[in-house]
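Its first residue numbered 1, the sequence shown is counted upward by one per residue in my numbering.
Hints should not be assumed to be uniformly reliable.
Listed next, with one range per pair, are the computed distances between beta-carbon atoms [what the hints assert, rightly or not]:
1) S192 to I112: 16 to 24 angstroms
2) S54 to R139: 36 to 44 angstroms
3) E142 to N77: 32 to 40 angstroms
4) P193 to N77: 34 to 42 angstroms
5) D63 to G141: 17 to 25 angstroms
6) D59 to E191: 31 to 39 angstroms
7) T60 to S192: 24 to 32 angstroms
8) S79 to E44: 17 to 25 angstroms
9) F56 to K125: 22 to 30 angstroms
10) K66 to D190: 20 to 28 angstroms
11) D47 to R111: 21 to 29 angstroms
12) G217 to T62: 21 to 29 angstroms
13) V41 to V173: 27 to 35 angstroms
SDA-like mimics (lysine to any residue), calculated; alpha carbons at most 25 angstroms apart, straight line [to be verified]:
14) K66 to S159
15) K66 to G53
16) K198 to G113
17) K125 to M135
18) K66 to G113
19) K36 to K125
20) K198 to R90
21) K66 to G48
22) K125 to K198
23) K36 to T83
24) K36 to R90
25) K198 to G118
26) K198 to I112
27) K66 to S128
28) K198 to S50
29) K125 to Q40
30) K125 to G107
31) K125 to E78
32) K36 to V61
33) K66 to D47
34) K125 to G141
35) K36 to T106
36) K66 to T91
37) K36 to G113
38) K66 to S50
39) K198 to G141
40) K198 to V173
Hints in this document: simulated from the structure, not taken from any laboratory.
Computed from a predicted structure; not experimentally measured.
Quick reminder that beta carbons are idealized off the backbone N, C-alpha and C, glycines included.
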Amino acid sequence: MRTLSTKRLIILSVLLAATAFLAYGPAARSAAVITKAPLQVAFERLDGWSSAGSQFLGDTVTDALKLDDHIFQSYRNESGQVTLYVGYYRTAGKVGAAHDPLVCFTGQGWRIGERIRGEYSLGGKASSTISYSSMIAERQGERELIVYWFQTNGVTSSSTLGQKVAMVRDRFVGAGEDNAFVRISTSLGDESPEAGRKRIFAFIDSFYPAFRGYVVGKPGSERS
């Protein structure tokens with residue numbers, strides 16, 4: 001018990017130090033300089049996927065999440081439909097502002113199961129991967145598969161802790177401050193979780209290279 005308490009204290013100390021550094025450390029650039037197209041414009045279309053409608057968050061939600069930009073849009077192809085949500089932040093001080101879906105979904109009455117953390121190689125390329133978390137949420141006969149990650153410049157993390165560590169490292173080397181929370185979901189219905197994962201990862205193959213390029217300011221680039 002003593003060891004566990006010490007471990008928790010160390011983790012808490014690291015998180016507090018990282019949060020303080022992100023909030024008050026030297027800024028890499030001014031947040032007022034915005035040269036990127038809004039996400040809703042930049043990702044209105046994706047190769048191989050057609051738009052299936054957008055949702056817009058009210059001011060109360062965007063203020064609560066401290067969003068600088070966001071997109072909440074569904075896409076469809078022959079395999080079915082997925083819904084993309086990206087909460088985007090332009091300053092390091094907002095790392096951690098996004099809520100983990102585990103908190104949000106349970107608060108809305110969803111039952112959570114099959115939680116996984118893993119890595120996905122885009123298009124089967126081992127040199128281009130994302131680190132992600134996933135879960136299945138069930139409520140009143142509905143089943144949703146959710147895959148999500150936390151973006152720090154060109155790096156993905158499966159947790160907010162990993163995101164904070166990545167941002168601290170980037171600030172030390174003078175990298176940018178752009179960060180985001182990315183969530184992709186699909187309704188399973190009577191499908192197996194594997195069928196839903198196949199659809200979501202096919203979407204990620206189309207979406208992520210363009211998204212990473214958007215974040216780091218190099219359209220079309222991929223993580224190496």
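Comparing the hints with the structure gives:
In this structure the supplied range 16 to 24 angstroms holds for S192 paired with I112, their Cβ-Cβ distance being about 18 angstroms. At about 23 angstroms, the CB distance of S54 to R139 disagrees with the hint of 36 to 44 angstroms. As the Cβ distance of E142 to N77 is approximately 22 angstroms, the hint placing it in 32 to 40 angstroms is violated. Evaluation of the 34 to 42 angstroms hint for P193 and N77 yields a failure: the beta carbon distance comes to about 19 angstroms.
Our hint of 17 to 25 angstroms for D63 and G141 is violated, since their Cβ atoms are close to 33 angstroms apart. Taking 31 to 39 angstroms as the suggested C-beta distance range, the pair D59 and E191 conforms, at roughly 36 angstroms. Restraint check, T60 to S192: a C-beta distance of roughly 37 angstroms breaks the suggested window 24 to 32 angstroms. About 20 angstroms separates the C-beta atoms of S79 and E44, a value consistent with the hinted range of 17 to 25 angstroms.
Restraint check, F56 to K125: a C-beta distance of roughly 35 angstroms breaks the suggested window 22 to 30 angstroms. Between K66 and D190 the beta carbon distance is about 39 angstroms. The supplied range of 20 to 28 angstroms is therefore violated. Taken as a hint, the range 21 to 29 angstroms is violated for the pair D47 and R111, whose Cβ atoms sit roughly 35 angstroms apart. Judged by the Cβ atoms, the range 21 to 29 angstroms given for G217 and T62 holds: they are separated by roughly 24 angstroms.
Range check, V41 to V173: Cβ separation about 31 angstroms, and the 27 to 35 angstroms hint holds. A hinted pair counts as satisfied when its Cα atoms are at most 25 angstroms apart, and K66 with S159 qualifies at roughly 19 angstroms. A hinted pair counts as satisfied when its Cα atoms are at most 25 angstroms apart, and K66 with G53 qualifies at roughly 24 angstroms. For the suggested pair K198 and G113, the alpha carbons sit about 18 angstroms apart, so the restraint of at most 25 angstroms is met.
Annotation: proposed proximity of K125 to M135 holds, straight-line Cα distance about 24 angstroms (limit 25 angstroms). For the given pair, K66 sits about 29 angstroms from G113 by alpha-carbon distance, which is inconsistent with the 25 angstroms threshold. For the suggested pair K36 and K125, the alpha carbons sit about 28 angstroms apart, so the restraint of at most 25 angstroms is broken. The hinted pair formed by K198 and R90 fails the criterion: a straight-line CA distance of about 31 angstroms is larger than 25 angstroms.
This hinted pair does not check out: K66 and G48 have alpha carbons roughly 32 angstroms apart, beyond 25 angstroms. Among the hinted pairs, K125 with K198 is consistent with the structure: their alpha-carbon atoms are about 16 angstroms apart, no more than 25 angstroms. Of the pairs offered as hints, the one joining K36 and T83 holds, with about 22 angstroms between alpha carbons and a cut-off of 25 angstroms not exceeded. Of the supplied pair hints, the one linking K36 and R90 holds, its CA atoms being roughly 11 angstroms apart against a limit of 25 angstroms.
For the given pair, K198 sits about 14 angstroms from G118 by alpha-carbon distance, which is consistent with the 25 angstroms threshold. Straight-line distance between C-alpha atoms of K198 and I112 comes to about 20 angstroms, which keeps the hinted pair within the 25 angstroms bound. For a cut-off of 25 angstroms, the pair hint linking K66 to S128 is broken: about 30 angstroms separates their Cα positions. Proposed proximity of K198 and S50 is supported: the alpha carbons are some 18 angstroms apart, at most 25 angstroms.
A distance of roughly 28 angstroms separates the Cα atoms of K125 and Q40; the hinted pair therefore is violated under the 25 angstroms criterion. Note on K125 and G107: the hinted pairing is violated, with a Cα-Cα distance of about 37 angstroms set against a maximum of 25 angstroms. Our distance criterion of 25 angstroms between C-alpha atoms is met by K125 and E78, whose separation comes to about 24 angstroms. Taking the CA atoms of K36 and V61, the gap is near 22 angstroms; set against the 25 angstroms cutoff, the hint holds.
Of the pairs offered as hints, the one joining K66 and D47 is violated, with about 30 angstroms between alpha carbons and a cut-off of 25 angstroms exceeded. Proximity of K125 to G141 is assessed by CA-CA distance (about 37 angstroms); at most 25 angstroms being required, the pair is judged violated. Between K36 and T106 the CA atoms are separated by roughly 34 angstroms; this puts the pair beyond 25 angstroms, and the hint is violated. As the CA atoms of K66 and T91 are separated by approximately 11 angstroms, the hinted pair is consistent with the 25 angstroms bound.
Restraint check for K36 and G113: not satisfied, since their Cα atoms lie roughly 37 angstroms apart, outside the 25 angstroms limit. For the hint linking K66 to S50, the alpha-carbon distance of about 29 angstroms lies beyond 25 angstroms, and the restraint is violated. For the hint linking K198 to G141, the alpha-carbon distance of about 22 angstroms falls within 25 angstroms, and the restraint holds. The suggested pairing of K198 with V173 is violated, with an alpha-carbon distance near 37 angstroms, which exceeds 25 angstroms.
Checked against the numbered hints given earlier, this structure breaks hints 2, 3, 4, 5, 7, 9, 10, 11, 18, 19, 20, 21, 27, 29, 30, 33, 34, 35, 37, 38, 40; the rest are met.
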